[in-house]
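A.B. asks: For reference, the chains in residue letters:
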Amino acid sequence: MSGLQPKVLVIEDDPQVRKFLTITLTSHDYTVIPAETGREGIRLATSVKPDAVLLDLGLPDIDGTEVIGSIRSWSKMPILVVSVRDQEEEKVKAFDLGANDYVTKPFGTAELMARLRASLRDSIVASVEDTRVEVGDLCIDLAAHKVSVRDTPIKLSPKEFALLKVLATHAGKLLTHKYLMQKVWGEAQADDNQYLRIYIAQLRQKLEIDPARDQFIVNEPGIGYRLETPARSH
Amino acid sequence: MRLPPFLDPPPLPVLRGQRALWQEALLSLVMVFAAACVSYVLMQSGFPSPEALSILFVLPVLAAAIFLDLRLALVTVALSVITYNLVLLPPFWTFDLTNPQAVAKIVVLLIVTLVVSALTTRLRRITGESQARENVLGGLYQLNQDLVGKTTVAQVQAASETCLSALTSVPCQIWYKDVPVDDPLLSEAAQEGASAGAGQVLAPHDPRLILPLIDGEKTLGVLVFTPQDHAPFPVELFPPSLLPTLAAQVASALSRAALAEAHEQQARQADRERFMSAMLSSLSHDFKTPLVGIVGALEALEGRVDSEARDIVADGLAEALRLNRYVVNLVEISRLEAGVRPRSEPLHIRDAVSGVLRTLRPLIGRQKFRITVEAGFPLLNLNASLFDLVLLNLIENALKYGPPEGEITIDARVISDGVEIDVDDEGAGIPPPLREPVFTKFYRAVEGDRKIAGTGLGLYICREIVASYGGRIEAIDPPDGTGACMRVWLPEAATLRLATLEEEME
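Chains A and B, in that order, are what the protein sequence lines are. 92 is the number that numbering that gives the first Met the number 0 gives to position 93 of the first sequence; each next residue is one higher, with no gaps. 251 is the number that numbering that gives the first Met the number 0 gives to position 252 of the second sequence; each next residue is one higher, with no gaps.
Simulated from the structure, these hints should not be mistaken for lab results. One should not assume that every hint holds.
[As the list claims (entries may be wrong)] With a straight-line cut-off of 27 Å between C-alpha atoms, the simulated DSS-like cross-links for lysine-lysine are: (1) Lys-145(A) with Lys-182(A); (2) Lys-177(A) with Lys-154(A); (3) Lys-154(A) with Lys-367(B); (4) Lys-154(A) with Lys-92(A); (5) Lys-367(B) with Lys-205(A); (6) Lys-75(A) with Lys-48(A).
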C-alpha cells in the first residue's frame, strides 16, 4: 500500500520538528522515512530511493549542503531545504548545489505541502499541457493569451505574458533568475536579471489589483521567483 | 629687549647660571677693578716690570668671554684698556693719549684683549654646539629607549611627553589627531604642517614652541613645548634646527603605534563578527526551532477542530507568528550592532512591498493599500531581508495604529539626491514632540494607561538599518494631514542606475 504513496526522506535532528513533520506528512498521505543525521540521511537516500527529501541545513554531524552535494552526485530527486538559516548566502549555496526549493522556519503546513507538491510534480507527472492555469483569483488562458484577476481582464505586453506563462506553468515552484531570463529573453541575457526585476514589478502592478490580497508572485531574494499556488488547501 | 631666540640665536654659553645682565655687568666691573687693584699694589711695592702687569688686564676679558654675556666681553675689553691707562701709565689717574709710547701700549693691549675675546668666544660657541648636539643625540637615544615596546598611541604619547619634558626641562605636550580647535595656532600649525611660536615664521611672539608631527606626507598632530613663567625656550640645550629630528621620531613612533592599533582592532572586529555570527545563528536556531513546532502543531490542529476551537487556534498561530517577528527583529538588531553587514542585491520596491504584505496577510483586515511607485524609480541595492524588515515594521505599525478600515499609502519617489518612500496611515498620528523619541530603543507608545503591544524595537531597527545604508528615516508631518507618515530616504548610493530597456517598456 505504502508503495503507492510518495516516500519522503525527512533529515531533521530536532525530535519535535521531526515528529510534527512526520504527523503532518503522514496525514497528507506521504510515507515518511526519518533520519536524524546527515550521514544517515545520505545512506537512506541511497538505499530507500525516496521520491523527495526534506532536509534541515543545521545537522549535528555534517553540514546540510554536503548532503545536497552528495545526493546530487547520483540523483535528481527533489530536495527541499528546511532551515532557520534565513541568510541569503546559505540559500544561494544550497541552490547552487542543486536544492529544488526552500522553506524558512517557522513555516506553515500549507506552505510546506504546496512546495512539496510542486517539487514532486515534475518527477511524478511529466509536464501536463494545460491550456488554462488558475492560481487563486488569477486565471491564465495560455492558448488565448488571456489573463484575468477575479474576472477583470488584464492587458499584458507579450514579454510580460511570456514571463507570467513560464511562472504559471511551474506554479508553486521556485524558478531561478537565470532560468526565467533564459526562458523569456534567451541564453544571451541569462545573467542580467535587472530586466527581470523590472518586468516582474510591471506584472505585479497589473496583477495586484488589491495589493493586500493579490500577491501572486513571490520574490525569493537572491534566488528567483515563484507563482504562489493557493494556500490553505487542506 | 630679547631677541627672538631662533631667528638670531646668541652663541651658546657652556656654563651659565641664571643671572641678570646687570649682575653680570657688575661682575665684569668687579673683575676689572680687582685686576687694577692687584696691578696697582704690585707696582707700588716696586714690581720690577710694570709693563708685564698689563697682561693682568687680559684676565677679566678672558673670564667675561668664557662665563658672561658676550656683549659684556667687549665692554670688559673697553673697561680694561681704560683702567690700564689710568692705573699703570704715567701720568697716573689721567686719561692721556698724547704720549706715543702709552698709545702703543694701549693699542697692543686692545688688540690682544680683542683677539683673546674673539678666540674664546669661538671656542665657547664650538663647545656649546657640540654640547647641544650631544644633548640631542643623548635625547634621541633616550627617546628611542623610552619608545621601545610601546604599542599603543597613548603609550607612545605619554612616553614621548615625559622624555621630551625631562630632556628640555620644558613641559611638553603631544596632540595626536584631535588638535584642539579652540587654539587657532595649534590647528593652524597642524593644518600647514609648519612649526609655530617662539620665533618661528608662524606667530613668532607666542612663547610656546609648536612643532608639527609629520610622518611621510601626513601631519599626525603637534608637539607643544610650553615654557613656564614666560621663560624663553632654552635653545642652548636643544638647538631648534635639531628639534624636528626629535619630532620626526615621535611622529614615526606614533604612526607605527596607530597602525598596530588599527590592525589589532581589525582583527578583533573580525573575530567579534565571526563569533557574533555564530552565536546569532545558533540563537536564531534555538528560538525558531520551538516556533516551528508550535506553528506546525497549531496548523495541524486547525483542520481537526470545530469552528469555535479553530478561532482559538488561529489566535495562537497569529501570536506565534508575532513572536517570530520579534525574534527576527531581535536577531537582526544584534547582527547590525555587531557590525555584520549582509550582502546587497538589486531589489525592486514592488517586490519588497508585495513580500511584506504577503507576510502580514494574517494581520490585514479591511484596510486598503494604495501603492504608488514613480516611473523611473530605480532598483534598490541593499539586502532584501533587511529592507523587508524596515517595510514590515512600518506597515505593521500602520496596521496597528491605523483605523480598521483605513487606507495605508505607500508612495515611492525619486528625488534629487536619492529616493524617498513614505508609509502613511490614517490613524491618530504621532504628536510632533514624540516624532523623534519613537525611534529610540525600547520606546513604547503609551496612550493614557493603554499600552499597545510591541517590543519598542521596531522603529529603532528601521532607523539602524536605513542608517547602515547611509539613509534616514523620520516621522514627518503627514502630507494628507492625517495619521502618521514615516519617510525613508535612501541616498543614490543605495540604488542602482538602470540601463534603459530598449524594448516595450510600458
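A.B. asks: Which numbered hints does this structure break?
C.D. replies: 4
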